[in-house]
Each structure stands twice: as C-alpha cells, then as structure tokens.
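Note that full-length UniProt numbering gives residue 201 to position 201 of the sequence shown, counting from 1, and the numbers run on in steps of one.
There may be inaccurate statements among the hints.
Claimed, not checked - The calculated EDC-like cross-link candidates involving lysine to aspartate or glutamate, where the alpha carbons are at most 20 Å apart (straight line), are:
1) K274 <-> E111
2) K268 <-> D247
3) K268 <-> D254
4) K274 <-> D254
5) K274 <-> D53
6) K264 <-> D203
7) K274 <-> D50
8) K268 <-> D203
Just so you know, these hints were derived from the structure itself, not from any lab.
Keep in mind the model is a prediction, meaning the values are calculated, not measured.
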Amino acid sequence: MSVLLPAVRDRLRAAGEVTFSVPDPDAGLGRYAGEVTPHGTHRPWSTWTDLADLLGAHLLTPDRAGEGRVRLTLRAHAPARDPDYAGYGPDGDWARVNKLEDPIFLATFVEALRRVNPPQGGRVLALGVNAGYELDALPLAFPDRTFEVVGVDLDPAAAQAARERHPQAVIHAADVNALPPDLGRFDLILALSLLQSPGVRQDVLLATLRRQHLTPGGGLILGYPNARYRGGTLSYGARMRNYARPDLSLLAADVTNARRGLQKHDYKVFVTGKYEVLLTAIPAHTTTPTDLEL
Numbered sequence: 001m002s003v004l005l006p007a008v009r010d011r012l013r014a015a016g017e018v019t020f021s022v023p024d025p026d027a028g029l030g031r032y033a034g035e036v037t038p039h040g041t042h043r044p045w046s047t048w049t050d051l052a053d054l055l056g057a058h059l060l061t062p063d064r065a066g067e068g069r070v071r072l073t074l075r076a077h078a079p080a081r082d083p084d085y086a087g088y089g090p091d092g093d094w095a096r097v098n099k100l101e102d103p104i105f106l107a108t109f110v111e112a113l114r115r116v117n118p119p120q121g122g123r124v125l126a127l128g129v130n131a132g133y134e135l136d137a138l139p140l141a142f143p144d145r146t147f148e149v150v151g152v153d154l155d156p157a158a159a160q161a162a163r164e165r166h167p168q169a170v171i172h173a174a175d176v177n178a179l180p181p182d183l184g185r186f187d188l189i190l191a192l193s194l195l196q197s198p199g200v201r202q203d204v205l206l207a208t209l210r211r212q213h214l215t216p217g218g219g220l221i222l223g224y225p226n227a228r229y230r231g232g233t234l235s236y237g238a239r240m241r242n243y244a245r246p247d248l249s250l251l252a253a254d255v256t257n258a259r260r261g262l263q264k265h266d267y268k269v270f271v272t273g274k275y276e277v278l279l280t281a282i283p284a285h286t287t288t289p290t291d292l293e294l
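Input sequences plus hints: build the corresponding full structure.
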C-alpha cells in the first residue's frame with residue numbers, strides 16, 4: 001500500500017481518473033489485508049473505499065479482470081461548493097442530505113432514541129431541525145408511540161420545510177440561543193449537527209436545556225459531525241478551517257466537555273457513531289433499556 005497509494009494519488013492528480021487491477025476481495029474473505037494469495041496481495045473492499053475517500057475520488061463499479069482479479073477505477077470528485085453555500089433552506093444542498101440513508105447513523109440514532117426511551121405521549125424538542133428528516137426516525141424507534149414534537153430552526157425556509165414534512169409538529173423559526181420562554185419541558189431533546197455552529201455556546205446552551213427544558217427523567221441526544229458532505233459524497237473526518245486533512249481535535253474536545261458536564265450533573269453518557277458522533281445522556285438513576293436494535 002505504501003507504493004500503491006502515492007502512485008494512485010499522482011495519477012488522479014494528473015488525469016482525474018486511474019484504473020488498475022487487484023486480487024478479487026471476495027476471493028480472500030477471512031484473510032487480513034496484506035496476506036498473500038495465489039492472485040496477489042489481498043485487500044478487502046473497505047480498503048478500496050477508504051482509499052477513494054482519502055484521495056477525494058469515487059470508486060466506480062468494478063469489472064472482472066481475469067481469474068481471481070478485478071479492475072478498479074477511481075475518478076476524482078468534480079469541484080463542488082460546500083452544502084451550506086446557499087444556506088440551510090430548501091434551495092440549498094443541505095436540504096438534499098438525509099442522514100437516515102447512512103446505515104451507521106440510522107442504527108446508532110435508533111439505539112440512542114431507545115436509550116432515552118421517552119414515554120408514550122411525551123414531548124420531543126428538536127433543535128436545528130432543518131427539513132426534519134431525523135424526525136422520521138421516531139416512528140422507526142417507537143412504532144407504537146406518538147409524541148408531541150416541537151422543532152426550532154433559525155432559517156425560516158428550513159422551518160417551513162420541516163412543517164410540510166411533519167404537519168403534526170410545531171416548528172418555530174427562532175434562534176436556539178433565545179428559545180421561546182413558553183416551550184416548557186421535554187422528555188427528549190435532540191441537537192444534531194448544531195452545537196459546533198457559529199454563535200452557539202455549547203456550555204451555555206446545554207446548561208439552559210438541562211435547567212429549563214428537560215423533565216426530571218428526560219434525556220438528550222447530541223450530534224457532532226465527523227464528516228463532510230459535498231457533491232453527493234460523504235467523506236469521513238471532521239474538517240477544520242485551513243486544514244488540508246481531517247482533524248478531530250475540536251470534535252473530541254466538544255464531546256469530552258459535554259460528557260464531563262453531563263456526568264457532573266448525574267447523567268449516564270454514551271458516545272456512539274461514525275460519520276456523526278452521537279452523545280446520549282440519560283439520568284444516572286434510570287435503567288438503560290436493552291432492546292435497542294432497529
């Protein structure tokens with residue numbers, strides 16, 4: 001791999017596309033990457049998807065290349081703007097992103113919802129609700145329960161899109177730093193991809209939610225992006241401005257600080273996920289549910 005990686009990278013930079021043959025990963029099931037087979041050095045499919053992601057390329061559908069080998073093509077991503085270039089309303093790329101189509105997010109989010117386990121008829125607050133896709137997970141996690149759902153988003157167009165997607169919910173176009181005083185308390189509070197937004201003070205917001213908007217048995221699910229969405233692709237790793245490669249230091253600091261702060265106030269905290277790291281907090285005295293899988 002130390003030879004292959006720079007060679008593929010240089011070819012991509014020069015031509016925008018590179019094709020090469022490798023041992024068929026399916027023929028080496030059970031082997032570890034780097035083990036030698038009659039057809040060459042084995043590497044699983046995940047190696048090639050990771051290589052494509054690392055180099056900013058699409059892995060196209062492979063072809064057969066003779067006995068025991070396949071032909072791979074990597075094509076460099078076309079230039080694309082960040083999805084927030086047009087804001088967070090229905091005309092921007094963020095409106096096209098549905099995280100529930102990521103199987104890891106779907107599974108870990110349903111698990112997190114079931115850990116909090118809001119009661120039938122309980123109240124759910126979704127901060128930074130955007131178009132409301134994540135609210136679709138509530139009936140998946142709790143098919144026999146209904147909830148009173150309240151959403152908040154700063155962008156009026158995004159709030160309207162959420163209203164249209166979830167007409168039974170109450171959606172406010174408001175700043176999470178100045179929540180309407182009559183919101184009341186909730187059994188579940190969601191804040192996905194919100195706490196690292198400009199203008200949001202995580203410590204201040206979490207203290208406000210805990211003191212003023214959580215029921216005594218309520219819990220929180222906080223989401224921290226660990227990926228970049230651009231041009232239809234999902235690329236692993238939190239990005240920091242002016243860094244060429246992903247850097248997880250800010251994400252790790254925010255998750256650690258939130259975890260410590262909630263544990264200090266008698267919450268049990270779970271940290272799960274991949275492309276979005278989910279921090280789930282429930283009161284320490286409650287029993288953690290065990291039937292969590294979708």
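**Request:** Please flag the earlier hints that this structure goes against, numbers listed from lowest up.
**Result:** 2
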